[in-house]
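Peer 1: The primary structure of each chain is shown beneath.
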Amino acid sequence: MNDRTPETASTVTRRGVLTTSAVGAAAAALPAPVLAAGKPEPARSVPTMPVTLKVNGRTRELELDPRVTLLDALREHLSLTGTKKGCDHGQCGACTVIVNGRRINSCLTLAAMHDGDAVTTIEGLGTPDKLHPMQAAFVKHDGYQCGYCTPGQICSAVSTIAEIKEGIPSHVSGDLTVKPQMTVTEMRERMSGNICRCGAYSNIIDAMSEVAGIDQGGVDA
Amino acid sequence: MKAFTFERAHSPADAAAKAVATPGSTFIAGGTNLLDLMKLQIETPRHLIDVNRLGLDKIEGVDGGGVRIGALVRNTDLAADARVRKDYGVLSRALLAGASGQLRNKATTAGNLLQRTRCPYFYDTNQACNKRKPGSGCAAIGGFNRNLAIMGTSEACIATQPSDMAVAMRVLDAGVETVKPDGTTRTIPIADFHRLPGDTPNIETNLIPGEFITAVTLPKPIGGTHIYQKVRDRASYAFALISVAAVVQPDGRGRFAFGGLAHKPWRVEAAERLSGAKEIAGTVLAGAKTTPQNAFKVPLVERTLGAVLAEAKG
Ligand SMILES: Cc1cc2nc3c(=O)[nH]c(=O)nc-3n(C[C@H](O)[C@H](O)[C@H](O)COP(=O)(O)OP(=O)(O)OC[C@H]3O[C@@H](n4cnc5c(N)ncnc54)[C@H](O)[C@@H]3O)c2cc1C
Ligand code: SF4
Ligand code: FES
Ligand code: FES
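Residue numbers (this note's numbering), protein chains in the order written: chain X, 1 to 221; chain E, 1 to 314.
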């Protein structure tokens with residue numbers, strides 16, 4: 001029997017819950033004595049930190065626990081829920097945002113590491129009345145089904161085209177000493193960090209091709 | 001994640017000194033490996049030292065013709081550097097074969113070298129793992145070990161070092177420049193940087209506690225054809241089963257380093273005096289210790305090397 005009173009149970013802090021979330025599901029199923037044997041460390045309280053982010057052109061001042069990832073800062077503290085949490089481990093790309101002009105996985109970086117940085121999220125690329133060309137192309141080509149991976153796909157797609165233009169090579173670039181070409185093969189390789197469970201890949205490539213000005217004509221597909 | 005405090009280092013020497021001054025300190029660079037492991041409570045630092053703003057993000061030529069790569073140069077920038085693309089193509093290729101565009105934009109040179117194994121039992125805190133919890137045993141030996149090491153293994157651990165970049169660094173004879181907590185500096189040859197697991201698989205490199213990497217140096221270019229051939233379960237965004245980093249000269253002689261085989265990039269210089277994939281692979285893999293699941297790596301090394309040699313011939 002669980003001998004904890006509702007009062008003690010309710011003293012569990014949000015931070016305490018967060019720190020044990022990785023084992024939370026398993027621990028919840030265990031009887032209380034086993035939990036005690038696992039001697040959970042008392043939650044350590046650490047000071048919060050001031051963090052300033054320039055998000056979508058607006059300066060935002062936050063006071064954060066150092067553990068807060070850039071992803072959680074955007075979603076939980078700034079209510080910018082366009083950026084999605086898929087895996088939280090750098091494996092899916094749903095959390096892709098553009099920081100100081102480069103796309104990164106916002107789940108694998110701390111907000112505190114980005115003090116003063118400029119962050120562009122899906123909300124900052126365009127607005128419902130004035131879509132970014134990549135957003136418009138995704139709509140036109142049905143570059144999604146459920147839409148969960150889409151904000152990350154779009155941020156990544158915008159950066160992919162910029163990276164090719166900048167001359168950054170990829171795994172499929174032929175000659176390293178010349179600028180990479182704007183091709184479907186290049187775009188596909190560079191989009192491999194964005195997973196889509198609905199399998200909208202071919203429509204995503206169609207949308208990107210339109211923005212990049214590539215006439216696919218069946219080549220490469 | 002366990003709670004931690006966070007501070008920014010002011011210089012490389014300051015970073016090293018801070019790391020020993022506060023118990024439980026760890027450096028954070030890109031964070032793409034460390035935060036992944038912290039979320040799973042495989043790494044539980046009590047204090048993070050952010051080393052991102054130390055100006056170590058430059059790639060410079062050095063006297064004698066080599067290059068010096070700052071420890072914080074991002075993988076994307078290193079792969080895209082004009083000099084690296086021209087003279088050290090194998091390094092660009094290895095970087096571009098790893099991770100994803102987003103991760104390469106964040107991952108750093110030092111962090112990449114120090115990334116930890118992808119052994120599935122290391123990642124599962126419910127399993128025995130001598131690397132994660134010394135003395136607890138090794139669930140991989142006798143477990144699911146298809147992608148684990150066949151060279152230089154021990155009774156304690158059969159994990160591999162997963163970095164693609166490190167394999168190219170090994171074939172190029174890179175040096176790892178560091179500063180120690182007492183302020184002294186040294187250069188560790190890449191061959192001596194990563195350790196074999198032995199009885200202490202939890203100790204992965206020969207860095208001393210608090211020692212901070214400032215740069216990686218490459219000796220002057222050696223010419224030749226540069227190839228990085230990575231064999232993996234899918235065409236992109238997957239770790240290597242095995243990989244071959246090669247620099248092959250017009251006379252067919254070359255240097256070869258291998259990934260996916262061991263707890264460090266695997267290179268056997270004696271094999272480089274031989275010719276032909278069969279002979280070279282035979283010497284490189286002398287003493288291999290395979291399991292039924294990973295024995296496929298032996299013929300795969302020979303065949304991949306054969307493909308590399310054929311490609312180098314053009
Ligand atoms: C989904 C996914 C797929 C991946 N695929 C590949 C792949 O195919 N091939 C591949 O090679 N890699 C792959 N990686 C790993 C990736 O390359 C590493 O995570 C990255 O290189 C680590 O660099 P970082 O700067 O982010 O390191 P961090 O996570 O910041 O640090 C890693 C370690 O290095 C230490 N450290 C960092 N800088 C220094 C310094 N200057 N001096 C001393 N210690 C330091 C830190 O304390 C930490 O222990 C993948 C990662 C993910 C998440
Ligand atoms: S092989 Fe090494 S890392 Fe994997 S479970 Fe065994 S000890 Fe741990
Ligand atoms: S949520 Fe960041 S990569 Fe999946
Ligand atoms: S649209 Fe559903 S995951 Fe991509």
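Think of the hints as simulated: they come from the structure by calculation, not from any bench. Some clues are possibly wrong.
[Said to hold, decoys possible] So the derived label-pair ranges between C-beta atoms look like this: (1) E:R83 - X:R197: 38 to 44 Å; (2) E:K313 - X:P128: 54 to 60 Å; (3) X:E63 - E:F144: 42 to 48 Å; (4) X:T59 - E:G306: 41 to 47 Å; (5) X:H77 - E:P250: 55 to 61 Å; (6) X:T185 - E:A307: 17 to 23 Å; (7) X:P42 - E:V62: 47 to 53 Å; (8) X:V178 - E:G183: 52 to 58 Å; (9) E:R253 - X:C198: 47 to 53 Å; (10) E:D251 - X:T177: 46 to 52 Å; (11) X:V178 - E:P23: 48 to 54 Å; (12) X:L131 - E:N126: 45 to 51 Å; (13) X:D142 - E:P134: 49 to 55 Å.
[Unchecked claim] To give a feel for the contact side, a few chain E residues facing chain X, derived at Cβ under 8 Å: (14) F6; (15) L35; (16) A79; (17) G101.
[To be verified] Each computed DSSO-like pair below joins lysine-lysine, with the alpha-carbon atoms no more than 27 Å apart: (18) E:K58 - E:K133; (19) E:K86 - E:K313; (20) E:K58 - X:K179; (21) X:K165 - E:K39; (22) E:K220 - X:K85; (23) E:K39 - X:K54; (24) X:K54 - E:K58; (25) E:K2 - E:K133; (26) E:K220 - X:K165; (27) X:K179 - E:K220; (28) X:K85 - E:K2; (29) E:K86 - E:K220; (30) E:K289 - X:K179; (31) E:K133 - E:K289; (32) X:K179 - E:K2; (33) X:K179 - X:K130.
A virtual CB, placed ideally from N, CA and C, is assigned to each residue, including glycine.
Peer 1: Each of the hints needs a verdict: does it hold here or not?
Peer 2: Evaluation of the provided hints:
1. E:R83 - X:R197: 38 to 44 Å: Roughly 41 Å apart at Cβ, these two residues keep to the hinted range, so it holds.
2. E:K313 - X:P128: 54 to 60 Å: Holds: the Cβ-Cβ distance is about 57 Å, inside 54 to 60 Å.
3. X:E63 - E:F144: 42 to 48 Å: Given range 42 to 48 Å: holds, Cβ gap about 45 Å.
4. X:T59 - E:G306: 41 to 47 Å: violated (58 Å)
5. X:H77 - E:P250: 55 to 61 Å: Holds: the Cβ-Cβ distance is about 59 Å, inside 55 to 61 Å.
6. X:T185 - E:A307: 17 to 23 Å: Holds, since T185 (chain X) and A307 (chain E) (Cβ atoms, about 20 Å apart) stay within the stated range.
7. X:P42 - E:V62: 47 to 53 Å: At roughly 51 Å between Cβ atoms, V62 (chain E) and P42 (chain X) fall inside 47 to 53 Å, so the hint holds.
8. X:V178 - E:G183: 52 to 58 Å: violated (44 Å)
9. E:R253 - X:C198: 47 to 53 Å: holds (51 Å)
10. E:D251 - X:T177: 46 to 52 Å: At 23 Å between Cβs, range violated.
11. X:V178 - E:P23: 48 to 54 Å: Holds: the Cβ-Cβ distance is about 51 Å, inside 48 to 54 Å.
12. X:L131 - E:N126: 45 to 51 Å: holds (47 Å)
13. X:D142 - E:P134: 49 to 55 Å: Since D142 (chain X) and P134 (chain E) have Cβ atoms about 53 Å apart, the given range 49 to 55 Å holds.
14. F6: F6 (chain E) check passes; min Cβ-Cβ to chain X is 4 Å, inside 8 Å.
15. L35: Holds - the Cβ of L35 (chain E) comes within 8 Å of chain X, reaching about 5 Å at its closest.
16. A79: With a closest approach of 6 Å, the A79 (chain E) hint holds.
17. G101: Check passed: Cβ of G101 (chain E) comes within 5 Å of chain X, closer than 8 Å.
18. E:K58 - E:K133: Not OK: K58 (chain E) and K133 (chain E) at ~37 Å, beyond 27 Å, violated.
19. E:K86 - E:K313: Satisfied, since the Cα-Cα distance of roughly 19 Å is no more than 27 Å.
20. E:K58 - X:K179: holds (21 Å)
21. X:K165 - E:K39: Violated, at roughly 35 Å.
22. E:K220 - X:K85: violated (44 Å)
23. E:K39 - X:K54: holds (26 Å)
24. X:K54 - E:K58: Judged against 27 Å, a Cα distance of about 25 Å means the pair holds.
25. E:K2 - E:K133: Since the Cα atoms of K2 (chain E) and K133 (chain E) sit roughly 17 Å apart, the hinted pair holds (cutoff 27 Å).
26. E:K220 - X:K165: violated (30 Å)
27. X:K179 - E:K220: holds (24 Å)
28. X:K85 - E:K2: Cα-Cα ~20 Å, so holds.
29. E:K86 - E:K220: holds (12 Å)
30. E:K289 - X:K179: Outside the cut-off at roughly 44 Å; violated.
31. E:K133 - E:K289: holds (24 Å)
32. X:K179 - E:K2: violated (45 Å)
33. X:K179 - X:K130: violated (32 Å)
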